[in-house]
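Novice: Chains as they are written, first to last, in the numbering used here: chain A, 1 to 471; chain B, 1 to 471; chain C, 1 to 471; chain D, 1 to 471.
Hints were generated in silico from the structure; no laboratory data involved. Hints should not be assumed to be uniformly reliable.
Identical copies go unnamed one by one, so any copy, or any two together, can satisfy a pair.
Stated by the list, open to error - DSSO-like mimics (lysine-lysine), calculated; alpha carbons at most 27 Å apart, straight line:
(1) Lys203 - Lys347
(2) Lys111 - Lys130
(3) Lys203 - Lys326
(4) Lys186 - Lys203
(5) Lys378 - Lys77
(6) Lys203 - Lys324
(7) Lys186 - Lys347
(8) Lys75 - Lys186
(9) Lys203 - Lys378
(10) Lys111 - Lys186
(11) Lys347 - Lys378
(12) Lys130 - Lys326
There are 4 protein chains.
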Amino acid sequence: MYDTGKLREECGIFGIYGEPAGRSITGCVLNGLYALQHRGQESCGIAVNNGGEITAHRDLGLLSEVFGGVFGAEKLKSLGGGQIAIGHVRYGTTGANVRLNAQPLTVNHIKGCMALAHNGNLTNHHALRKNLELSGSIFQTTSDTEVIAYIITRERLRRPSIEEAVSAAMDHIKGAYSLVIMSPRKLMAVRDPFGFRPLCIGKLGDCVVFASESCALDGIGASLVRDVEPGEIVIADHEGLRSIRTHCGGRTAHCVFEYIYFARPDSVLDGVPVQTARQRAGAFLAMEHPVQADVVVGVPDSGLDAALGYARQSGIPYGIGFIKSKYIGRTFIEPGQSNRENLVRIKLNPISATVSGKRIVLIDDSIVRGTTSARIVKTLRDAGALEVHMRVSAPPFINPCYFGTDISSREHLVAAHNTVEETARIIGADSLGYLSTENVFKLNDRPVGGFCAGCFTGDYPEAVPEVRECE
Amino acid sequence: MYDTGKLREECGIFGIYGEPAGRSITGCVLNGLYALQHRGQESCGIAVNNGGEITAHRDLGLLSEVFGGVFGAEKLKSLGGGQIAIGHVRYGTTGANVRLNAQPLTVNHIKGCMALAHNGNLTNHHALRKNLELSGSIFQTTSDTEVIAYIITRERLRRPSIEEAVSAAMDHIKGAYSLVIMSPRKLMAVRDPFGFRPLCIGKLGDCVVFASESCALDGIGASLVRDVEPGEIVIADHEGLRSIRTHCGGRTAHCVFEYIYFARPDSVLDGVPVQTARQRAGAFLAMEHPVQADVVVGVPDSGLDAALGYARQSGIPYGIGFIKSKYIGRTFIEPGQSNRENLVRIKLNPISATVSGKRIVLIDDSIVRGTTSARIVKTLRDAGALEVHMRVSAPPFINPCYFGTDISSREHLVAAHNTVEETARIIGADSLGYLSTENVFKLNDRPVGGFCAGCFTGDYPEAVPEVRECE
Amino acid sequence: MYDTGKLREECGIFGIYGEPAGRSITGCVLNGLYALQHRGQESCGIAVNNGGEITAHRDLGLLSEVFGGVFGAEKLKSLGGGQIAIGHVRYGTTGANVRLNAQPLTVNHIKGCMALAHNGNLTNHHALRKNLELSGSIFQTTSDTEVIAYIITRERLRRPSIEEAVSAAMDHIKGAYSLVIMSPRKLMAVRDPFGFRPLCIGKLGDCVVFASESCALDGIGASLVRDVEPGEIVIADHEGLRSIRTHCGGRTAHCVFEYIYFARPDSVLDGVPVQTARQRAGAFLAMEHPVQADVVVGVPDSGLDAALGYARQSGIPYGIGFIKSKYIGRTFIEPGQSNRENLVRIKLNPISATVSGKRIVLIDDSIVRGTTSARIVKTLRDAGALEVHMRVSAPPFINPCYFGTDISSREHLVAAHNTVEETARIIGADSLGYLSTENVFKLNDRPVGGFCAGCFTGDYPEAVPEVRECE
Amino acid sequence: MYDTGKLREECGIFGIYGEPAGRSITGCVLNGLYALQHRGQESCGIAVNNGGEITAHRDLGLLSEVFGGVFGAEKLKSLGGGQIAIGHVRYGTTGANVRLNAQPLTVNHIKGCMALAHNGNLTNHHALRKNLELSGSIFQTTSDTEVIAYIITRERLRRPSIEEAVSAAMDHIKGAYSLVIMSPRKLMAVRDPFGFRPLCIGKLGDCVVFASESCALDGIGASLVRDVEPGEIVIADHEGLRSIRTHCGGRTAHCVFEYIYFARPDSVLDGVPVQTARQRAGAFLAMEHPVQADVVVGVPDSGLDAALGYARQSGIPYGIGFIKSKYIGRTFIEPGQSNRENLVRIKLNPISATVSGKRIVLIDDSIVRGTTSARIVKTLRDAGALEVHMRVSAPPFINPCYFGTDISSREHLVAAHNTVEETARIIGADSLGYLSTENVFKLNDRPVGGFCAGCFTGDYPEAVPEVRECE
């Protein structure tokens with residue numbers, strides 16, 4: 001598989017309580033997950049609870065690989081029906097055992113079954129795991145979800161209910177976590193007190209739905225009720241919906257990169273439409289880094305909205321500068337090392353009619369290593385662009401993230417080791433401009449401080465480990 | 001698989017003569033075909049000629065399914081190397097035998113081997129086939145490519161060379177055909193005298209490349225030399241490149257729908273950039289059917305360029321109104337009948353931030369049955385659009401095509417049975433406007449008459465059969 | 001895949017006319033083919049005729065791979081029902097195009113559709129093919145079945161019926177052929193005038209069944225009516241069963257190796273039970289090559305009956321000396337070159353309880369290259385055998401076969417280049433004895449001359465080509 | 001998949017310590033497992049330890065499906081090399097989650113990694129599991145192997161070494177267990193104090209090998225050293241081989257059905273060749289239940305040795321009465337309900353030459369439900385047998401097994417509800433005779449009491465649960 005040169009989110013989660021009228025519950029989960037596939041493409045799974053019995057299927061691959069086709073449809077059908085179901089899409093580390101890490105995690109304990117789907121990253125994962133091991137626990141996965149399952153299980157032994165066990169577990173776990181948890185008779189949505197990762201509540205007829213992003217609600221025809229509050233536990237059971245808010249009320253730290261890149265533009269996160277935030281980023285960029293040019297083009301797909309924002313603000317015409325191939329999937333295997341350089345043209349081909357003989361403002365949402373950007377700039381020049389002025393709808397990415405994305409060290413971050421001018425030279429652009437950190441906090445209307453922008457600023461909302469504790 | 005509500009092109013073809021320096025010849029064909037996958041997604045194949053021995057692999061499925069993954073890479077590798085190679089992507093009729101119809105077709109005759117890849121449709125297919133049968137021919141496929149192979153073979157018996165046999169065969173076959181033909185030592189590109197389907201010539205180092213569209217040249221890093229002329233046979237062999245032009249010089253009839261929908265916007269067909277033609281269509285639409293509105297949005301992907309053209313001409317802001325899912329592939333199997341209605345939201349979700357509370361100009365390239373358009377209009381209203389004014393960047397589609405697309409009768413064409421006002425009501429739009437036939441001929445700078453627009457006008461460049469003669 | 005060191009039959013064929021009460025016609029063909037799988041394991045196919053429309057599926061692989069499992073069951077189901085159906089299992093040459101050679105071959109000609117399944121080898125294949133090419137024929141496979149289809153088609157143009165065309169075609173084709181041929185309304189079974197390969201007629205309720213061996217009749221619960229006579233064409237249609245016998249009555253030449261190795265012991269070929277012939281071969285061996293020993297063991301599976309015949313004749317106890325693994329399939333890929341030597345122990349492990357400390361008579365049906373026999377002898381000695389006296393239930397194999405088996409030259413035949421004593425030394429046996437050619441003709445009760453034993457004697461029933469004309 | 005009408009063993013295990021010269025360690029495990037495939041065909045897995053890091057692959061399917069073919073070979077290769085490796089083949093309950101139950105189980109605990117492969121069944125599984133749950137354990141599988149892993153882990157916290165933890169764990173677990181356990185630097189073989197399931201020690205160069213049966217040693221070219229003693233822990237590490245024998249010395253209870261049916265005839269279990277035991281069973285049967293007959297035929301494969309023993313003892317000729325199809329695999333899906341009755345003829349066809357017109361002694365190793373036996377008797381009569389006298393080389397099977405086979409209740413056991421005469425009538429035999437329980441204890445030379453024959457006698461060597469505690 002080719003390197004996309006992009007940051008990767010760790011996961012997307014989905015849960016539904018109730019039997020949707022005239023529809024299959026697993027079909028709803030699958031449709032919801034399809035809308036979240038951009039959040040995780042390495043493995044996926046669905047677990048369904050039928051009268052307290054949990055059946056699950058999870059495997060490596062896209063949803064269309066695991067649940068599509070003749071085999072996949074058989075698998076989906078074999079899950080049967082139920083009253084509660086959850087699902088998960090995931091990025092993760094590679095390795096022979098990685099199928100084990102596919103979620104939802106399903107476990108049995110003294111009170112029956114439990115299934116969990118997790119999006120985030122615990123900062124005290126290793127310490128918690130060591131403590132559990134010291135009391136005789138065994139681990140079959142390398143994911144921190146198993147740690148969470150253990151801690152809830154231990155708390156459950158001395159708490160009257162699963163939701164109180166979850167609440168007690170929240171005293172122990174630190175970092176970013178958005179969870180859906182299914183017990184024999186309840187479905188819970190849990191969000192860490194900072195609200196790093198998104199999680200929202202929807203309604204589909206009499207059913208309650210939880211999803212990482214509101215686009216998954218659209219995907220099944222559900223309506224958005226509200227977001228799960230940072231620190232909130234929302235419980236859906238036969239009595240309806242209720243909350244435990246003992247961990248609510250602190251400082252929030254929504255990941256700003258959800259708005260810039262991770263989330264889908266048709267989602268609304270914590271009240272802010274993602275598309276609006278991106279167009280605003282483009283407009284800020286136009287104000288911060290103006291340039292004389294003929295056309296503004298965005299790198300598809302995530303750079304398009306910022307490009308439109310830049311164009312509108314600057315008055316420079318918006319153009320469609322690239323064709324992105326839909327057909328080169330993850331199954332692509334490069335036919336011969338020497339064909340590799342052409343890959344960028346197969347994946348992303350500039351359109352000469354738009355770029356030839358033009359001065360281009362090129363908008364992307366990030367520069368990670370710089371190699372992908374360099375290739376894109378070169379294809380534009382090969383297609384006849386006179387000048388290429390790159391504008392990035394985020395500040396320079398110079399610090400590791402400990403809260404659920406896959407950049408674990410500064411080593412490969414081009415912006416961490418080069419000035420803006422050096423970076424421009426490395427990627428071959430005539431000029432380069434990043435969004436300022438001041439403006440990144442203005443992507444929504446909230447007061448400064450509601451965001452985590454540690455990857456740009458190094459200022460994290462809570463203590464981070466000496467060594468990054470993820471898989 | 002869901003019905004896309006779109007017309008479907010029949011095929012894309014690719015050929016290369018020569019061994020590309022430092023690269024595998026089959027890898028080049030595969031990369032070229034990836035760039036042509038939009039022209040055919042039901043089957044694909046590659047044939048390689050190594051010293052006069054042809055090895056081929058073809059199967060049902062996308063390129064990523066047939067030549068991707070572990071198995072596909074094995075298949076590609078098993079083809080070995082060679083000095084000439086051709087490839088094909090295809091739509092076609094369904095049915096148990098359809099794998100047989102996958103191309104390139106490989107045959108052996110008295111002069112050795114031959115492989116053909118064909119894009120088009122012969123209008124006298126049935127008559128030719130019957131004549132061949134009367135002289136004892138047997139047919140193993142239902143494709144007209146096999147008819148072409150027979151006729152060339154028969155002519156070859158009394159002609160001194162394969163190219164003269166091909167030229168003689170052109171006296172017999174009628175209709176639309178763009179072909180690449182590989183003999184033991186030559187590669188030929190052939191285009192029917194009307195030039196219905198595109199075909200171009202490229203150069204990659206010392207290699208000659210033929211492809212349906214120039215985007216396939218970009219895909220392998222080749223440069224566009226020129227288009228194959230209507231009626232021309234271009235022969236590549238060890239002596240270089242030469243042409244037979246005995247069938248050249250007549251009236252041309254390039255399919256106008258290649259510009260409107262089939263071709264990729266980054267391709268240049270017969271000298272006209274596809275993107276330019278589409279933006280021009282949008283501009284004409286704005287002049288023909290102006291409307292008071294707040295934002296112009298295109299239906300992705302093929303409606304985007306016309307939407308930009310409309311926006312620029314009208315002064316109404318261009319907006320990004322939809323998210324199109326990349327993840328719901330052809331392998332999708334609907335989980336329960338009742339979930340079907342939500343499919344359109346999974347595939348194509350409107351972005352409220354752009355459409356809510358707005359008067360929308362919605363641009364698409366065609367309306368076939370009307371059901372897809374109706375669903376799209378409805379999702380816009382559900383997302384809060386105040387008004388939806390649909391504009392179609394083509395005239396009403398009211399006649400069958402005999403030249404290589406898959407609309408065989410007027411029966412299901414909504415525009416063939418309804419006025420524009422009725423159609424607007426059927427699809428739920430506040431207003432509806434089509435591009436005029438006058439303007440469709442102005443999508444490039446050529447004089448009227450260079451296009452075939454029979455699907456709009458009923459005026460075909462040559463006699464068409466009583467009954468449409470395709471599979 | 002490992003080399004089995006065995007000769008390989010080319011094919012098995014099956015056909016049914018009529019709709020079996022309460023059963024699916026394709027299910028019957030599949031069950032019949034399962035019983036013939038030993039005759040061909042590289043590809044298989046089924047063609048079904050529903051009202052004159054033929055639908056077929058054929059692919060590389062075992063029946064359980066092509067028609068088993070979830071995918072295979074879908075394929076079988078997609079064939080639908082019908083009134084006539086034929087099937088085929090096949091060995092063949094390897095190569096990229098080999099899927100094309102899978103049968104039944106289905107073709108269309110002026111009189112409609114035709115499907116053929118062929119077991120045998122034409123000796124004048126190349127000459128016939130060249131003549132066809134000279135009149136403009138094209139070939140899409142390398143199999144001689146396509147040649148037969150052409151010749152029948154050409155004759156059909158000037159004959160009033162398909163059966164008369166088949167009869168006329170038999171004047172042209174030479175060599176070994178057992179065929180089932182399906183036309184729009186008829187099913188025919190055809191056997192060459194020498195009757196090289198077996199072919200029998202069965203009855204299942206009102207249905208007529210044709211099969212290579214009677215075990216396929218058992219497999220579907222049909223009863224054996226009689227064998228197709230050498231030279232006979234048997235036609236099943238709505239008028240019942242009738243024959244054309246214009247090519248009957250000459251000298252017959254049944255392949256003697258069908259009795260020795262190819263056929264299943266539960267089949268009865270041309271009136272002779274295969275098991276009886278094998279046990280008789282063992283008894284002859286005991287008379288020709290007696291030895292002092294403690295136990296007689298056969299190499300499973302085909303050596304067991306001859307071993308029992310030897311034991312009964314000699315009075316030496318019969319023993320079960322080997323376990324043959326059922327689990328190492330054709331999909332086996334050797335994990336590392338160095339593990340190869342152990343493969344024979346995984347596939348065929350001697351049982352110490354029977355062989356340790358014993359003088360062994362080891363019975364096998366043939367020695368081809370000698371390497372497999374050498375490995376088997378060695379494993380017996382490793383397991384403690386004191387002496388190993390090998391007895392082969394056939395004469396030395398020293399000539400190529402032109403009539404449907406896969407030994408094309410004498411080059412690798414150990415018996416063609418070594419005396420019996422030398423061969424014994426090569427394989428490591430204490431002694432070695434072959435069945436005499438005199439006795440091989442007595443394996444059934446027919447007069448000498450009814451068999452082809454050209455592979456042993458070099459005396460072929462008809463002229464053979466200078467160069468072996470098979471794929 | 002069809003019901004075989006046979007009891008099913010639960011598992012086969014294999015382990016190797018050391019790097020085999022010139023061979024891959026995973027290739028050795030795979031070859032060993034191929035020889036054990038008869039002990040488990042539903043799932044399989046291999047775990048390899050490279051410097052303390054364990055990599056594993058396990059999945060549903062036969063070894064040829066999971067580790068064969070292009071994909072399987074990739075999987076095997078991806079495991080890499082190592083210094084210790086274990087493997088497992090398994091039967092088990094069906095269900096959506098069953099892939100989770102595939103072994104070896106790999107876990108991490110405070111002392112590092114551990115992998116276990118288990119053959120057997122704990123009788124106190126449920127009680128142990130409940131206790132573990134009460135202390136906060138979570139379970140991800142339903143297999144008792146996970147219980148064993150937990151108990152060892154808990155003991156490991158307070159024991160100085162893994163082997164002492166295993167020894168302490170043996171104080172808690174009851175029932176049948178043969179285990180191979182891999183820690184970061186050691187490989188252990190453990191057998192329960194009764195020695196229900198077999199387990200042996202082999203030597204391959206400098207490597208130590210453990211396997212369920214000695215045929216797996218043959219399969220990799222290793223030599224049999226001795227059996228693991230009941231109650232023994234054998235530890236292989238860099239210091240060599242040593243034992244803990246604190247649980248040795250009690251009454252042994254080897255499963256007698258291993259000799260009668262489960263084990264391969266080429267294995268030697270606890271000093272007794274399986275083939276010898278089976279032939280002895282046949283001889284006892286001949287003495288206990290003589291009959292006037294013409295031929296003795298065994299039901300392949302497991303009835304053949306007893307048939308030979310019966311024939312030798314009785315003087316009635318041994319015959320080869322059936323052909324068993326090798327080609328109808330587990331992937332077989334029945335083409336239409338009505339074809340089902342013919343399945344027995346496709347799987348097992350009688351050979352008329354042997355059975356027609358004869359009085360048959362039919363030997364099989366067991367009758368479970370009776371339906372399979374009835375079908376076999378019927379096919380013999382259809383093939384012309386005059387009389388069928390069934391003899392069973394085991395006593396009537398009338399009690400559940402708690403020690404690792406899959407008969408959980410008496411409900412479906414024909415012998416539990418019918419007299420011998422009634423059973424004979426049910427299966428359609430002219431007479432029926434079972435081996436006596438007296439003689440079943442004489443299948444080897446050990447004193448009565450060394451066997452467990454609880455399934456025949458109801459006399460179990462240790463307390464069994466009220467309700468059978470298996471998955």
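Novice: Now look at each hint and say whether the structure bears it out.
Specialist: Status of the hints after comparison with the structure:
1. In this homomeric assembly, Lys203 and Lys347 come within 27 Å of each other (Cα to Cα) only across copies, at 21 Å, whereas the closest approach inside a single copy is 38 Å.
2. When the C-alpha separation of Lys111 and Lys130 is checked against a cutoff of 27 Å, the pair qualifies both within a copy, at 24 Å, and between copies, at 10 Å.
3. Within a single copy, Lys203 and Lys326 get their C-alpha atoms only as close as 32 Å, which misses the 27 Å cut-off; across copies the closest is 26 Å, which meets it.
4. For the homomeric pair Lys186 and Lys203, the shortest alpha-carbon distance inside one copy (16 Å) is at most 27 Å, but the shortest distance between copies (55 Å) is not.
5. In this assembly of identical chains, Lys378 and Lys77 lie within 27 Å of each other by CA distance neither inside one copy nor across copies; the values are 48 Å within and 31 Å between.
6. With identical chains, the CA atoms of Lys203 and Lys324 are at most 27 Å apart between copies only, with a shortest distance of 23 Å across copies and 35 Å within one.
7. With identical chains, the CA atoms of Lys186 and Lys347 are never at most 27 Å apart, being 45 Å at best within one copy and 31 Å at best between copies.
8. Taking the shortest Cα distances, Lys75 and Lys186 sit within 27 Å of each other inside one copy (24 Å), while across copies they are farther apart (39 Å).
9. Within a single copy, Lys203 and Lys378 get their C-alpha atoms only as close as 48 Å, which misses the 27 Å cut-off; across copies the closest is 20 Å, which meets it.
10. Taking the closest pair of Cα atoms, Lys111 and Lys186 come within 27 Å of each other only inside a single copy of the chain (13 Å); across copies the shortest separation is 36 Å, beyond that limit.
11. For a Cα distance limit of 27 Å, the shortest separation of Lys347 from Lys378 inside one copy, 14 Å, qualifies, whereas the shortest one across copies, 33 Å, does not.
12. Proximity of Lys130 and Lys326 under a CA criterion of 27 Å is satisfied in neither setting, with 45 Å inside one chain copy and 41 Å between copies.
This entry does not satisfy hints 5, 7 and 12, going by the numbered hints stated previously.
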